[in-house]
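Novice: One letter stands for each residue in the lines below.
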Amino acid sequence: MGYKIGIDVGGTFTDFLLTTPDGTNEIYKVLSTPDDPSIATMKGISEMADKRGLSTPDFLKQVDVIVHGTTVTTNATLTYTGVKTGLLTTEGVIDALEMRRGIREEQYNNRYKNAKPVVERYLRLPVKERIDWSGNVITPLDENQAKEQIEKFKREDVKAVAICFMHSYANDSHEKRVAELVKESLPNSYISVSSELLPSVRFYDRVSTTCLNAYVGPILERYLKALIKKLSDNDFEGILLIMASNGGVVSPENAMKRAAITLLSGPAGGPVAGTFYANAQNYNNCLIVDMGGTSFDASVVKDNKPTTTTTGDINRLRIALPMLNVVTIGAGGGSIGWIDEGGLLRMGPQSAGSKPGPVCYDLGGEEPTCTDADLILGYLDPDYFAGGRIKLNKPKAEKAIMEKIAKPLKYDLYEAAAGMYNVINVNMAAAVREVAVKEGVDPRDLPMIVAGGAGPNHACMIARELEIPVMIVPRESSILCAAGMLMSDLKHDFVQSYVTRMDMADVKKFKNYFVQMKEEGAKLLKSEGIPENNMKFIYQLDLRYVRQYHEVTIEVEEEDIFNADWDSIAKKFHPQHNRLFGYSLEDEGTPIEIINLRLIAVGQTDKPKFLKMEYKGESPENAFKNTRKVFLPVQQKFEEVNVFDALKLEFGNRIEGPAILEQDNTTTFVTPEYNVLVDMYGNYTIYLKDREEEVRKRIVNN
Amino acid sequence: MKIDKVLVSILRKRLKAITNEMSIALEKTTRSPILCEARDFVTGLYDRNGKMLEQTENLPILAFSLAPVCEYIVNYFRDEIYPGDVIFHNDVFSMGNQNNDVAVYKPIFYKDELVGWAACKGHQADIGGCVQGGYNPNATEVWQEALRIPPVKVYEKGKLRKDVWNLIFANIRLKIVEEDMKAEIGSCVVGERELLKLIDRYGVDVFEAHKEYLFDSTQKMMENEIRTIPNGVYYGEATGYYDGRNEGSSYTIRVKITVEDTKITFDYSDTDPQTPGFVNGTFTSSASATILTFLQMINPDIPHNDGMVRPINIIIPEGTVLNAKFPAATTYGNHLCPNNADAIMRALSPVIPDRVTAEWDELLCSLTTGIDPRKNEPYVDIGFMGLKGGSGAIKGCDGYDHIGMIDASGGVLDQDYEMFEHQTPHLLLKHEYWTDSGGAGQWRGGVGVITKFIIGSDNTKVVTFGDGDVEPAFGAHGGKPGTLNKIELTYPDGKVYKCKSKDLIENVPKGTIYYQEAGGGGGWGHPYKRDINAVLYDVRNGFVSIEKAKEDYGVVINPETLEVDFEQTMKIRNAKS
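Protein sequences appear in the order of chains G and S. The opening residue of the first sequence carries number 1 in my numbering; numbering runs sequentially from there. The opening residue of the second sequence carries number 703 in my numbering; numbering runs sequentially from there.
No lab work stands behind these hints: they were computed from the structure. Take these hints with a grain of salt, some might be off.
[To be verified] Just so you have them, the derived chain S footprint on chain G, three or more residues with Cβ under 8 Å:
1) 330-344
2) 415-426
3) 668-681
[As the list claims (entries may be wrong)] Cut-off 27 Å, straight-line C-alpha distance, at most; resulting in silico cross-link-like pairs (DSS-like, lysine-lysine):
4) G:128 with G:113
5) G:571 with S:884
6) G:128 with S:922
7) S:884 with G:511
8) G:404 with S:922
Just so it is clear, CB atoms sit at the ideal spot from N, CA and C, and this is done for glycine as well.
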C-alpha cells in the first residue's frame, strides 16, 4: 500500500492531505492558480516529492490514490464562462429555464435582476413532440423539424446541447432519438440528455440541471483531460477520483459525463470528514462548520450520514441532483465591518478576499475585516500567522478599525473590535441554526465539528450562542475538505420518477425500474474497479400523503422493494413523517403516493488510517509556548492567557480555558467557559466546564 | 441604562433569525399548496404592546396587518392575557386584512411577565361562507364570505378550549384547514421558545431598552429616507374597472401624499365610495399595500420593525373602497393593492423619478375546480403561472419579466408544469414569454406571459378575479405602456367566451381551451434612448419583434443577418427625438 492524496482546490489556497501507509499525515497548502488550477495541484505534489528527496515521477509511482476536488465547474457557472450551449425542448415551454418559476428573491428591491440563464433564449429551440403525464405519446416527434433546429445550432457554433422534453422521465424515446440526431450532425458537441441525467418529475428542476450540465461539461472535460495527461506524464499509475457534490467520489470518466455532479463539490468533503471525527468519539450525529476567508459553511450529519438535498442552487439556478445540504453565508476572515444608515454595526457579506485582503496583511486593504479584529483582540499572533509566513501589520489594523468602526460608534478600539467579533459570530450562529432547523435537529443536542482556517477562533462563541456543549476541532481542521475526500466512497445516485398511489402501483414496473438502476450502478462501479463484494446498494423512495406537495425520502430494505411490501414501507414512512413534520396520517388511513424511486450505488474504498496515539496523561506542559493578552468576549476584558503549540498536544492532555492553541494554519481560541481534552487521534475536544465527566468518559475511558 | 450598540445589532439579527425559523417551520408543516407551495403566509414577533419587532414576509400584502391586530388584541383582553393562551383571528372588522388570512397570536411570558407576542398568518384554503375557497363575486356582506373570527382564545392557560375549537372547525369545509391552523400554532411555539431564550440571556430590562434603541435607530433610518423626498403635497390616482356586479362600473383611488421633513402622510379621503359587491378593501389590507409600495422606493435594507412604520401616517376614511363599512363584503380587498400602488407611484414618480417604477402588470387570476376523471377525485388549482405579468421598469433597470402582481413582488411561485399535469387533468400547451408585451422605454417594462391549456374535466368551474383588462400598465418619463390582461375560453364547439375580470363560469366542458395573456409592465424613459445593443439583444431573443424595434425604439435591424443598420437607426432616432 502506498500514499493517498486528497486535493481541495479553494479560492485562495489549494489544500493537500497526504496520508502514508504508516498512518501519519502531512498537510500542504499552496496558493491557488485560478487560470489553470492544475498548476497548483502539480506544485503541491512536487513539494511532497521534494520533502522526500524524490523526483515527482518517482514519488507519484508510490501514490495509490489521488482524490481531487475541483471547482472549475463552479467557477465557470459563477462567472458565466461555460461553453455556448443550445437547448432543444418541447414546443410551448422554451422559457421555463429563464423564468425560474417566476421568483424574485429580493421582493422590495426593484433593481434586483433576474438570474441570467446559461442558455440564451435564441438558443432555446422548440421541438414538436409531446408525451403526457403517464408516458403516452400524444404528439409524435417531428424529426425533420428537430434536424432543422440542430442545423441552427451548427450555424451558431454551439459546443454543447441540452435535451429536455416534458415528462421524459416517463418515456425517454423522444429524447433518445433527438440525442442520436445531434450526435450525427454535431459529433464533437457535448450532449446532455435530461432522462439520462435526472429522470425525475418537475420540469424546471430537470431543464435547469440538464442545461447546467451541458454548460460546464466541456469545461470539466478539458480540465480533467489535461490533468490526467500531466499525471501520467509524471508516471502516476494509481487511481484518480473526483469529488462530487453528494459527498461521494467518481471516476474522471463518469464525472465528465455528468459534470453537474461537481457543481457544488467544493464544501462536500467537509461533512464527510466531520462524520469521521464525530464517529471517532462515538457520536452518530453532529454539526459541521467551516469558516474560511470569504464564506462560512454549515451542515448536519444524522445517523452517520451527511444530510442531502435535491433542491440546491448555484447562482440562483436550480440543481436537482442529490447533494449534501450545506448552508453557505458570506462570513469569513475577510468579511468587512461597516456602519449602516441607522448607525448599527454590520459584518459582511462583502469580503476583502485574498486581494487586497484584510488591512493587517498590508497588501493595500483599507476596510477593516474580521481578521483585523481577531488580531487586535489577541486571538492571532502578528508574528505567527500562517506559521510566520505572513507578518501582520497591527498598527494599520488598529487605525482602520478606529476610523471606520470605533469613531462612528463612539467606542474605543477594543469595544469596536469586540463588537465586530460578536456580530460575525451571531451571523454564523444564525446559519447553523437555519440548517439545523431545516434538518429538524436541535443544535443543543449535537457536537459541532469545527473547520477552516478561521473557524476554531470563533467556534466557542458560535457554540455559546447556540448553547452547544461540545466541539471537536480536528488536527486537520484547516484542510478538512481535503481530508474528507480521502474518506469518501464511490457514490452514484439514480432516480426514476414513477408517480402513482402506492396501493395502485404496477408492481412489475416498480421492480423493473429498480432492477435497471441496480444493473447500471453495478456496471458503473465495475468500470471504476470496484469488486462486487465492495458494492453496496441503498434503496430509497420519495413518498408523500396523497394531495401533499412536499415528499419525504425514506430508506427502504432491498427485500421490501423486491417483494413490493407496501405495508412494511408504509410503516417506515409514517414515523419518519411524524419526526419531520410533527404528525402522521396513519390513523386516518390516508393513502401514500410514490413520486420517485432512488438508488445509490456505493463502492466502498479503503479509508486512510489515522494513527492512534498513546495516552500521555493530563498535563499539557510539553506543549506550552508562552502567554499573551487576549480579550475575553463574555467577561469583556483582557487577560493574560496561556498559549500552546497545538501539534505538541497529546492524547489525554487537558487544558483549562481560557487558552490559545496555535498551529501553522489555524488558531483555536478557548474561552473561559470551556476546557479542552485531546482525543486519541490528537483532535481537540472543547466542552463546557460542567460536561467534564461525560466528555472524559467518551474520550479517555473508552 | 447604558446602551450596548453591538447588542442592538445582535438583537436585530437574532430577531430576524427567529422569524425565519418560524417561517421554515410553517412551510414544512402545512398541507395546503397555497401555504407550502406558494408560501402565502407571514410570521412575526411583537413586543408586549403589540409593536412589530421583526417579520418574515413571504407575501408582503399580509405582512403589515399583523401588528395592528396584535395591538387590538392587547387592548381587547387587557389583563386577561395568560401564559399558555393561543388566540385566533381573521375578522376584517377588527383590523384583519382578508377573511381567508387567518392569524394565530401567542403571548410570551417570562417569569409571569408579558414580554412579547409570536404571531403568524396564512391564507387558508377555506374559511366557510358561500363558496369554497372564499372568492365569491356575488357576495354583498361579510357573512356570505366567511366565518368571522374576532379575537378568540382557542387555548387558555395552556388548556385547549375544545368547544370553541370545534365550533370554529364545524364551520369550515376542509379538514386540512384544521391541520394547517395547528401548524400555525406550532410556528408560534417556535417563536416563543426562541424569544424566551434571548430574553433569558440578557434579562427583560436590557431587552426592553435595546429594543427601544433598535426601534429608534430604524426610525432614524426611515426618517433619513423620507428626508430625501422634497417637501410638498403630491396627488395621484388610479382606477380599477368592474366591481363584479355592474358592467361598465369603475372605482378610483385618490391619494394625497404630504411630505414634511421626516414625516410622510398618505391621505385617501377623496377615494371613491365602497362598491356593492366584494370589491372592497379593509383598513389594514389597504395600509399594507401603501407600506409595501413605499418600501420599494427606499433602501431595501431597512429593518422591519415598529420604527419603520412610525414616520408613516395613513388616513383612509371608512366607507371608501379602501376601507368599507361593516358589514360589507371585502374578499377582493388584497387585490386593490395594484391600484393603490399605481396611485402612489403616479404621485411620487415626478418627485423621485429614479426611485419609482413604471406601472406593474395588474393581477388577473383564475381558479379552476372540478373532478379529475383520471382519479375521480376533486381538484382545485390556482393559476399562479398564468397570472404573472411583468413589472414596471425603473431608471437604470429593465422591469422584471414574469414576476406577477406587486402585492407579492415575486414571492409566489408558478406551478411546476409536470406537477400541474399530475395534479389537474389539464394539458399545458404553452407557457412562454409574450413578445412585445413589455412597455417600450429607455428601460423596458418586464414582459408578460401567454398561457394555454386544454381543460381536462367536464363541468369545470372557472373563477376569475383581478383587473388590468381595460387599462394597460402605464409607462413613466416617456416610456410606453405595457399590455392588457385577458382570459378567454374556447369551447369545443368553437364558441369563444371572454371572461370578465371578476367572473364565475360554470359547466365548462372537457376539451375547452383556456387562454390567458398576462400583460407586460410599463417602460421608463423614451425608447429612443435605449442602448442599441440592448434592443438587439431583445430582438435576437424574441422579447421584442423586429417591427417594434423600429416602430418603438427607432432601431433598424436586418431580419436576415440580425445586424443593426446604424445609418437608418441614427436617421430615425435623430429625426424624432
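Novice: If a hint holds in the structure, say so; if it does not, say that too.
Specialist: Now for the hints, and whether the structure bears them out:
1. 330-344: Since three or more residues must qualify, the claim that chain S covers the region 330-344 of chain G holds, with 5 doing so at under 8 Å.
2. 415-426: Contact hint for the region 415-426 of chain G vs chain S: holds, 6 residues under 8 Å.
3. 668-681: As far as the region 668-681 of chain G goes, the hint is violated, because 0 residues have Cβ atoms under 8 Å from chain S.
4. G:128 with G:113: violated (32 Å)
5. G:571 with S:884: holds (24 Å)
6. G:128 with S:922: Status violated; Cα separation ~59 Å.
7. S:884 with G:511: Measuring from Cα to Cα gives roughly 38 Å; hence the hint is violated.
8. G:404 with S:922: holds (20 Å)
When each numbered hint is compared with the structure, violations occur for hints 3, 4, 6, 7.
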